[in-house]
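Modelling step: build the complete structure from the supplied sequences, incorporating the hints.
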Amino acid sequence: MGKITYKRLKGSQNMRQRLLLATLKSTPVLIEDIHADDTLPGLRPHEISLLRLFEKLTDDCLIEINETGTKLKYKPGIIVGGSHLVHDCGVSRAIGYFLEPLILLGLFARKTLVIILKGITNDSKDPSVDTFRSTTFPLLKRFGVPSEGLKLEIKSRGVSPHGGGEVHLTIPTVQHLTATMWTDEGMVKRIRGEAFTTRVSVQLGNEMIYAARGIFNRLLPDVYIASDYRKRSEAGNSSGYGISLVAETTSGCCISADTTVSYPRGDEEEDIEGEEKKELIPAADVGEKLASVLLEEIEKGGVVDSTHQGLLFLLCALCVNDVSKVRVGKLSPYGIETLREIRDFLDVQFVIKPDPSTGTVILKCWGSGMKNLSRKTT
Amino acid sequence: MAMDSGADGQSHKAHRSRHSGASAKKKTKARNKDQNSDQKQQNPKAFSFRSNAKAKRLQSRAVEKEQRRLHLPVIDRSYGELPPFVVVVQGPPQVGKSLLIKSLVKHYTKHNLPEVRGPITIVSGKQRRLQFVECPNDINGMIDAAKFADLALLLIDGSYGFEMETFEFLNILQVHGFPKVMGVLTHLDNFEDVKKLKKTKQRLRHRFWTEIYDGAKLFYLSGLIHGKYPKREVHNLARFISVMKFPPLSWRTSHPYILVDRFEDVTPPERVQMNSKCDRNVTLYGYLRGCNLKKGTKIHIAGVGDFSLAGVTGLSDPCPLPSAAKKKGLRDKEKLFYAPMSGLGDLLYDKDAVYININDHFVQYSKVDEMGGTTNKGNKRDVGEALVKSLQTIKNPIDEKLEKSKISLFSQNPNSSLEAEDHNRDSDEAPKLIRDIEPLKQYQSNGEEDESEFDLDSSESSDQDEGVPEVAMLKSEGRNFEEGNADASERLGRVKEQVEFHNGRKRRKAIFGDGVDHSNLKSTDEENEGDEDDDDDDDNDEGEDDRSNEDNESCSGSEFSDGDEEDLKSEEDGMGNISKWRASLVERASKKQNINLMQLVYGKSTSTSNTSANEVKDDSENEESDEDEFFKPKGQRAKNSIEGLDGGNINTEDCSKSTKFSELKNWKEEEVYESVRDRFVTGDWSKGALRNQMSEAKTEEDDMDGDFEDLETGEKYESHQKDDSSNGGIEKEDDDAIEERRLKKLALRAKFDAHYDGSESPEEETDKQNGGKFHHSQANDSGYYDKLKEEIELQKQINIAELEDLDETTRLEIEGFRTGMYLRLEVQDVPFEMIEYFDPCHPILVGGIGLGEENVGYMQTRLKRHRWHKKVLKTRDPIIVSIGWRRYQTTPVYAIEDQNGRHRMLKYTPEHMHCLAMFWGPLAPPKTGVLAVQNLSNNQAAFRIIATAYVLEFNHAARIVKKIKLVGYPCKIFKKTALIKDMFTSDLEVARFEGAAIRTVSGIRGQVKKAAKEEIGNQPKKKGGQAREGIARCTFEDRILMSDIVFLRAWTQVEVPQFYNPLTTSLQPRQKTWQGMKTVAELRREHNFPIPVNKDSLYKLIERKPRNFNPLVIPKPLQADLPFESKPKNIPHQKRPLLEDRRAVVMEPHERKVHALVQHLQLIRNDKMKKRKLKEEQKRKEVEAQRAKDEQVLRKRRREERQERYREQDKLKKKIRRHVEA
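Listed in order, the protein sequences are those of chains X and G.
Residues in the first sequence are numbered from 1 upward in steps of one, following the UniProt record's numbering.
Residues in the second sequence are numbered from 1 upward in steps of one, following the UniProt record's numbering.
Warning: the hint list may mix true and false statements.
[Unchecked claim] Per the computed footprint, the stretches of chain G lying under chain X, defined by three or more beta-carbons under 8 Å from a beta-carbon of chain X, are:
#	segment
1	284 to 297
2	668 to 678
3	790 to 800
4	852 to 865
[Said to hold, decoys possible] In silico EDC-like links for lysine to aspartate or glutamate, alpha-carbon gap of 16 Å or less:
#	chain 1	residue 1	chain 2	residue 2
5	G	Lys665	X	Asp285
6	X	Lys10	G	Glu653
7	X	Lys25	G	Glu854
8	G	Lys668	X	Asp285
9	G	Lys298	X	Asp347
10	X	Lys371	G	Glu953
11	G	Lys796	G	Glu163
12	X	Lys189	G	Asp678
13	X	Lys376	G	Glu953
14	X	Lys125	G	Glu653
15	X	Lys111	G	Glu953
16	G	Lys295	X	Asp285
17	X	Lys10	X	Asp37
18	X	Lys376	G	Glu897
19	X	Lys75	G	Glu854
20	G	Lys668	X	Glu296
21	G	Lys665	X	Glu296
Rather than coming from a laboratory, the hints here were simulated on the basis of the structure.
Don't be surprised by glycine CBs; every beta carbon is placed ideally from N, CA and C.
Here is the structure:
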């Protein structure tokens, strides 16, 4: 009882995966040197918010942070989940930042997770909520997550400086994840997307759509991009616009890309970081660029885009004791980091083989056999 | 059939029926006759249903039976050779357990076993090995034995009947998964009367059946011949064992475990000499069972505690199965046995030495010749022979030898060349001469270095085309010398890449310093990077510089793909010098394409031991220091751990999205967008399809022809570059086709197996749709069950196929040690008592701890008291539970779930019902069986198992409540409001209960409002005393009385004690009973304390006094409204009676006469009336009698009349009929 063995880690990198894996594996962790050498040392607001979220979802977890916030002790509890939960994600990072660990946490919870997340729905740094709906959920279905329970409703959108978005998320629980052999990337058969505008003219959205279509039309006729024009209460607190695109292939893979443009925040953070302010990009350019990004993702190959690599690896590693085999494009840095964290926490290693003819990488792993232990038996 | 026989390695000679001769004739005749008779006699309607309802009923019954037969198919994840099955022989003392094992061993191996100690492994058949274990007689040993038994032979003394041990063991088995059970009756020669024997057998059999299932196998051993069981019967028993199937048990298939059949102390002897009670290092040997064991797994040694593994090594199988040659039966040479603890064979492994036992007349020293090895090359040398030979060839004195060399016990070890000389281990194991069995794979840090070296070598050889082998060499050296540093530099490089992704993150820049403008070219940045790395590495030359750059590039892992190259090439023109430099770099990088990505991702030293080394025990002392550090100011702490900080890469922001808009290609250009044309459905489909398939074939090929080094022979195979995709295309297609066919075959086979095993569903179409989608198998027309089975089988095939691609070391990394391997586990810091009290008759069970099972918490279990345990169980009395691998003492709190889901505490378990038990302890996953025992001693309790349970869920907080009644008394009553005292102790408490429902004993309901104001309720204060707190103002639905008692019903949380005490039965003498926490009753008995009695709880006679109620008082206004009639009349109460009541009445003489006359007259009349009444009565009776008579007569007459009439009618009818017939 008195003896708790903490796993010692350093730095705030991969905080999400570390906390997530620590919770799933129920290993206490001790993280040191969190932004220790910065002018503003200690945990960032979004990291604290993340910890709060973990605390909300689990039962009897212990979080201890030292005065400066550079050291964190985390002893995970049992993942409970439950409905009627509300979490304010703050405005330092988008909801997508929280959603990524939240999805996996929800799958292994005791009760179905129903949560309202408030904050920034679309951001250029994190995958947008549209992407989660269009790409991440189909990805989860590959691993045996029932599709009926997965739900994400966007009540209102909020963009960068002041947020104000609201998202209702429902995640079912699973007994375990099933392994998958997913190497057939297929060919792109259709492209879908959604362009949204908050507190700006509809025209901007249409411009984005027009520009994006201009790129795709030479390759594929089946392109449909919806426009989502939000006003008043549904539009959050600040103005911006963005677009998210999904390419679906014949074998059911979804490859996505998204971005958002909003007026930069004028607070002190910007002053510290940079002397020149980020220029706002015209809407047509945004559409064009994002279309190019999507094409580049498609060119890279693989069954998921680079954004979802980490999640894919995590899912593979959390499977039952079977072999999973997936194909991805170039390994993204985030993906590599995730692989390392998986090795450290779950003791699962991947066999990574490049496939030079297509420039893709094939990964194989033997699942860790994670089971949802917190679910009650009758 | 041919395929099948090939797989099994066993071909049965087909039956040949006679075609000619007498017997053939007879048969054909009989068959003809049969057919003829069949045709004649068969009634087609005989076996069809006559009733519709019955048909339906029968059908539904058949379906039900079918459903009951089905079990959820379980995937069996043990691939390859199975570990020996454990046969546990259990029974009460003096029933013949050891003799049975001896007889069986004799039957299998033709060896006499002197005594049975520890597990005995034998090869029983071509496909099967068995491990015999005798179950110790104490309850702890029985519990452990039940956890590893695959088959339990329950020995029962037939002359005595069943004993409690048997039933206890059966119960334990049932809780822990219920492996196969077979009863064996012994001592049947004590019966002289055959009839009695038969009766007894029948009785015992039926009792046995009620306990297990109808038809459970009970075997009879008739008696002893020459002090042994009869050969024939042992043979039959062996047959039964050999055909037995062992279903997978869910706990065991999800946890690795080892039944230790060899156990040694490897503590350095000097440490033991210094302090004989120091913690020891031990090694445990045994077959791995259950599921695969990963290196990081923690283990639980039953009866000792939890440990982390210091080292795991796969050893060669000491008792291998015979090679799969086609032949019948086992050769004598293959009838191996292995029982180091029993002293079976020539080797006896004691605690700290190995003895070789050779009978004197067997000793024939062979000549020492140098050629011995070469001449004997053809046939493998025997183990013992090899050992002796190697002992003979000693040239150096023994101590010298100890320092330098090792003696290999198992000469079949293939890769002795790999074996590294590591001095640490040598020093550890120096005194034990023969323990240095060469590990097949050495997974300790030393071993890894060697491996990484090999890896590097191979990579180097693949890089030969490059023409810069020195670089690689340097690289490898660098890696080897400073592993940690290399890792750090790698990380540094990666961060650099991230800098580029996030285009304006100035924080990074501050870390790398140098004031280089960020808008400068990437290359210069990289050079700076390189310089920094050089500072780390200390050797400055060009190659090194290149190396670091390479590292940077390669560590990003993904940066080398065709797209990027093109990109760079297109930029080349504008960049001049730098671009040239870069071009060469890129070229080189592209050549290094097939560098091992795994190494890049996971680093060179692919050991997980670092992580475990990072872990720090946080026990009491450490906690303090830690605490200190935890709250130190930042600067001070930074000074302490300067060397720990190796770069700012540890605080990178985690974004899953990589945003780099700046490096986009211009997708409007035709050649650019045409390059991805084939990824779209508008493009070339065949090319797109090829892309998918090619890669698979390609990876296969990589495995086949990729550069690798044969570890066994030391040869190196180098791949010839095969990047010509156009050339290789056809080949690959061929490969692809082959691969596809192979998988199809496997799937087909799997399907066949699935069908063969169980249901006889109609044969379905066997062709698969597509090779790529073979896991979406079609099973539409067969049932769901078959589909499930098929899927499982397919998954298994896929797993095998995928895992077999990998080489042995990676496979170990990926899936851990496979089941069936013979492992050597090294465990450090084991209490010395384990060595001191080690008894080979008590087998050691080592179980792997699953995910989250080392944590402690509250467990909720559904528990039922055993029906044979005499008493109910009391809450918070310590019980000993066995969950999973563990046994520990804990204090449960019993509860029951109410209608509304509330868990209400129970003081005692219900008599015949399930209840919930909540206790604290190491967590076990839901659905795990739990067994509870209170008394461990062998002679006290009649039946030691007190309860069985299974885990429902685990929590960190126990939610059990009990009812609490707060009682108060009114101290002041207003109309419907009253002030209640003594219910609460403070105003704060009142505030907590505001709004709570309360009730008087008489049933008047009310509510707590607020704490009473001081002026109103607090008389003491008025009188100058202290204000009383905790007086509550309450309102009721009616006015209450001062005599009423008011109570508040509430629920309060019950604490479950956070106590658990692991049983350490292996750390004490076996005959001693383990003593843990005692129950209160035991303590009272010991110290002679009486049971405390609460006077208030005693039952007393209730005396109820008659109650006098006050008269009804009607309020005046109400009175005024009432009508006069209902108004209470205001009659004053008189003390003296009224005049009419008081005065006496005196009659006149005349009046008196009249009164007397009247009285006489009345008397006469009364008499008359009486007489008349009597007369009337008589008359009535007469009349009634007369009437009854008449009635009888009348009835008689009527009957006669009727008879007459019927006769007439009958006659008439007959007449008519006759007429008609006529």
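So, going through the hints one by one against the coordinates:
1. With 6 residues having a beta carbon nearer than 8 Å to a beta carbon of chain X, the segment 284 to 297 of chain G meets the requirement of three or more and the stated coverage holds.
2. Counting residues of the segment 668 to 678 of chain G whose CB lies closer than 8 Å to any CB of chain X gives 6, so the stated coverage by that chain holds, three being the minimum.
3. Restraint check on the segment 790 to 800 of chain G versus chain X: 3 residues with Cβ-Cβ distances below 8 Å, three needed, restraint holds.
4. Coverage of the segment 852 to 865 of chain G by chain X holds in this model, with 4 residues showing a Cβ closer than 8 Å to a Cβ of that chain against a need of three.
5. Between Lys665 of chain G and Asp285 of chain X the CA atoms are separated by roughly 14 Å; this keeps the pair inside 16 Å, and the hint holds.
6. Restraint check for Lys10 of chain X and Glu653 of chain G: satisfied, since their Cα atoms lie roughly 13 Å apart, inside the 16 Å limit.
7. At most 16 Å may separate the alpha-carbon atoms for a hinted pair to count; Lys25 of chain X and Glu854 of chain G meet this at roughly 11 Å.
8. Taking the CA atoms of Lys668 of chain G and Asp285 of chain X, the gap is near 13 Å; set against the 16 Å cutoff, the hint holds.
9. Between Lys298 of chain G and Asp347 of chain X, the direct Cα distance comes to roughly 12 Å. Compliance with the 16 Å bound is thereby established for this hinted pair.
10. Distance restraint check for Lys371 of chain X and Glu953 of chain G: the Cα-Cα separation of roughly 13 Å lies within the 16 Å cut-off, and the hinted pair is therefore satisfied.
11. Note on Lys796 of chain G and Glu163 of chain G: the hinted pairing is violated, with a Cα-Cα distance of about 44 Å set against a maximum of 16 Å.
12. For the suggested pair Lys189 of chain X and Asp678 of chain G, the alpha carbons sit about 11 Å apart, so the restraint of at most 16 Å is met.
13. Of the pairs offered as hints, the one joining Lys376 of chain X and Glu953 of chain G holds, with about 5 Å between alpha carbons and a cut-off of 16 Å not exceeded.
14. Distance hint between Lys125 of chain X and Glu653 of chain G is fulfilled; the C-alpha atoms sit about 10 Å from each other, no more than 16 Å.
15. At most 16 Å may separate the alpha-carbon atoms for a hinted pair to count; Lys111 of chain X and Glu953 of chain G meet this at roughly 12 Å.
16. Only pairs whose Cα atoms come within 16 Å are accepted, and Lys295 of chain G paired with Asp285 of chain X is rejected, the gap being roughly 53 Å.
17. Restraint check for Lys10 of chain X and Asp37 of chain X: satisfied, since their Cα atoms lie roughly 13 Å apart, inside the 16 Å limit.
18. Under the criterion of a C-alpha separation no larger than 16 Å, the hint pairing Lys376 of chain X with Glu897 of chain G is consistent with the structure, at around 15 Å.
19. Taking the CA atoms of Lys75 of chain X and Glu854 of chain G, the gap is near 13 Å; set against the 16 Å cutoff, the hint holds.
20. For the hint pairing Lys668 of chain G with Glu296 of chain X, the CA-to-CA distance comes to about 13 Å; that is within 16 Å, so the pair holds.
21. With a CA separation close to 8 Å, the supplied pair Lys665 of chain G and Glu296 of chain X stays within the 16 Å bound.
The earlier numbered hints that this structure contradicts are 11, 16.
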